[in-house]
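For the protein sequence lines, the chains are A and B, in the order given.
All the letters of the first sequence, read from the start, carry residue numbers 328 to 642 under our numbering.
All the letters of the second sequence, read from the start, carry residue numbers 3 to 377 under our numbering.
Because the hints were derived from the structure by calculation, they are not lab data.
Mixed in with the good hints, there may be bad ones.
What the simulated footprint calls covered on chain B by chain A, stretch by stretch (three residues with Cβ under 8 Å from a Cβ of chain A suffice, anywhere in the stretch; the number is not a length) [stated by the list, open to error]:
#	stretch
1	166-173
2	256-263
3	276-282
4	337-348
Short, incomplete list of chain A residues facing chain B, as computed with Cβ under 8 Å [what the hints assert, rightly or not]:
#	residue
5	V390
6	L579
7	P634
8	I637
Note that CB positions come from ideal geometry on N, CA and C, so glycine has one too.
The residues making up each chain are set out below.
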Amino acid sequence: MTRFWQWFWALVIGVPIVALSAWGVQDNARLFIVTFLNGLTLASLYFIVASGFTLVFGLMRNVNLAHGSLYLLGGYLGFFAAQFTGSWLLALAAGFAAAAVVGLAMQVSIFRFMPGQDLRQTLVTIALSIVIADCLMWAIGAQVHQMSPPPWLDGPIRNLPVIRAYSTYRLSLLPIGIVIGVALWLFLNRTRVGMMIRAGVDDRAMLAAAGVNVNLVFATTFAIGAGLAGLGGVIGAVELSMVPGEDTRLLLASLVVVIVGGMGSVIGAAIGAAIFGLVETYGLAYVPTYSVVFTFVILVLVLAFRPRGILGRPA
Amino acid sequence: MSAANWRGAMNVEPRAHGAPAPAVPARAVGAPPTARPRFKNPVRVRHLLVLAFLLAYPWFSTPFFTYQIGAQALALGLIALSLTFLGGFGGMISLAQMTVAGIAGYMVAIFGTAATDGVSLGWPWWLAVLIGIVLATGAAAFIGWLSVRTEGIYTIMITLAIGVAFYYLVLQNYAIFNGFQGEQKVFPPTLAGIYWRDPTPFYYLTLFWALAGYLFVVYLLRSPFGIALQGIRDNPRRMHALGFNVTAHRVTAYAIAGAIAAVGGVLFTWYNGLVTPGSVGTSWLINILIIAVLGGMRHPVGAFLGAIVFVLLQNFAIDVFDRERFNLVIGVVFLVIVLFSRDGLLGWWSALSVRLSTQRGETRWRSARGRLYAR
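Input sequences plus hints: build the corresponding full structure.
Rendered as structure tokens:
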């Protein structure tokens, strides 16, 4: 793309956004900024869940459509762990561990035996998502579960300029998302296992030929990816709520985030999550009945101009 | 030589030297046509038997079986047929087929008559149905245009995202789609003195369209377009090099599948008498995939087989287990099929008949050649 076209598209996309933002600030600055913060914190949750999805997809070409069910599973187990121990951090650990164990079991007992069969693996994940969702409904019921935030994150932060007060827990999602993102980046770029995973994303066969136990790498990645969904579940159990149907919502979020950001790229997931979170929240705040249309428009625009997503590379 | 290459070679070779077809047990609906020289009458005794059974079915079954089992299976089978056509022969698994069917249903309700007066325009039923099918076909072509920009496993994700987005749209939008309630009381018309929602007329209505759709797909798969589509499924790059416009073929396949799904969607809406966000929700998007995979995607008849099994499970499996646990039952059945059969019930059927005929002393190769599906 030449310099001219870069400027052209930056103007075409940027000017309306700046104009709308200016109108939003001028019209109701408080609403605009609160919506902005809500969007970013929601994006942080989406990023945590979707990064697991994109990690698994990038390495194994496995579209794990049971990712939403793992999110719900982690959320429920975190909820009960919090009830039992009273500690939010233990709940986080429990959610992560539960989803990671289920993910590991899926990889070791099923997907290991069908390498390279993308479609069949996807069909299996669909079947598993139905089974897990229904088992959860059977065991826990269809009523809404909502977790309370830990005491040290409870209540609003007061005395802020313009918006006056904002929920501490929601605001804390932002650093949590950034910490997880940075940790994931360090893990992938600075550790030996991360190096193997990146090598596997580029060329699985060559990695195996180099003497690496690919099955072990796959199992580790799948456990981490599923665990991130569970971790997101515990975080989302406070901000959103746990109820059958949330799995679909987070699955849609993960799908849109990785389609927009580029499949297999963690940084792409962060960009996609920021776009999707902001658009969804602004849509809900300003044009409630058509908010999902904006999501759809973004999907269409990205697919029309960058079929592999913003940071996607050919498979 | 890979399996795909073998299939490709089999397609290209003229079948003039066609070996005499091995004797096939003529029992089940799912029996695929045997290899044979071209231009011979493809109708076999078993086809006539199945047709006679289907025509006579309402006369010896109860209204419940005619309507709830027969008509529902045929309407769902028609929607699943669109996915079988797209997935089995175009190599594109779209999860948005129920969305297309739902768009047709919604349009019939919006342009025709439904219980919600403020929303419905109340135009004559034939116009509403026509508009519904045309708009749904257009939507399908648009979905196709979007999703063919990427390939393979990406398709399933993009179509799922589109389908779920449409679900949230109709759920949140009250001005046009009437939100959570959806469109109630969308009934077929009274025509020629017959109320077409009565079990027997409605059964024949769905049977007519199911047969029309089935024969259309079978015909289409042998037309130049169908052969090219299957070539694109097996090797898009080679077809592109041969001068075929791969994208145009794929989008056309989406549009054709969309038209089939739209007809099925109108029938399914009339069957239910309503169309709600629930009928285009994730579970129904996936149910259509389950039906198609359950039956098998290598022959159009698989869609109807899968639909029959699905509807029977839906109505009777819950008597054995808990009424609430239908999803668990269907999930486990789907899991077992996906794990243990390459091609659903049709796959099991062909594996079984290969085993039977090799026991009778035929070679594996001859037997497998006899099993070649309509392609």
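Within the assertion that chain A covers the stretch 276-282 of chain B, do at least three residues meet a Cβ-to-Cβ distance smaller than 8 Å? violated (count 0)
Given V390(A) as an interface hint, is its Cβ closer than 8 Å to any Cβ of chain B? Where the cut-off is 8 Å and the nearest Cβ of chain B is about 5 Å from V390(A), the hint holds.
So, as I understand it, the hint says L579(A) touches chain B; can you test that by seeing if any CB pair is closer than 8 Å? At about 4 Å, which falls below the 8 Å cut-off, the nearest Cβ of chain B leaves the hint on L579(A) intact, so it holds.
Residues of the stretch 337-348 of chain B with Cβ under 8 Å from chain A, three needed, outcome: Holds: 3 residues of the stretch 337-348 of chain B have a Cβ under 8 Å from chain A.
Quick check: do three or more residues in the stretch 166-173 of chain B have a beta carbon closer than 8 Å to a beta carbon of chain A? The restraint on the stretch 166-173 of chain B holds, since 4 of its residues have a Cβ under 8 Å from chain A and three suffice.
Cut-off 8 Å, beta-carbon criterion: hint that P634(A) touches chain B: holds, 4 Å
Regarding the hint that I637(A) lies at the interface with chain B, is the smallest CB-CB distance below 8 Å? violated, 14 Å
Cβ contact check, 8 Å cutoff: the stretch 256-263 of chain B against chain A, three residues minimum: violated (count 0)
Of the hints listed earlier, those the structure fails to meet are numbers 2, 3, 8, in rising order.
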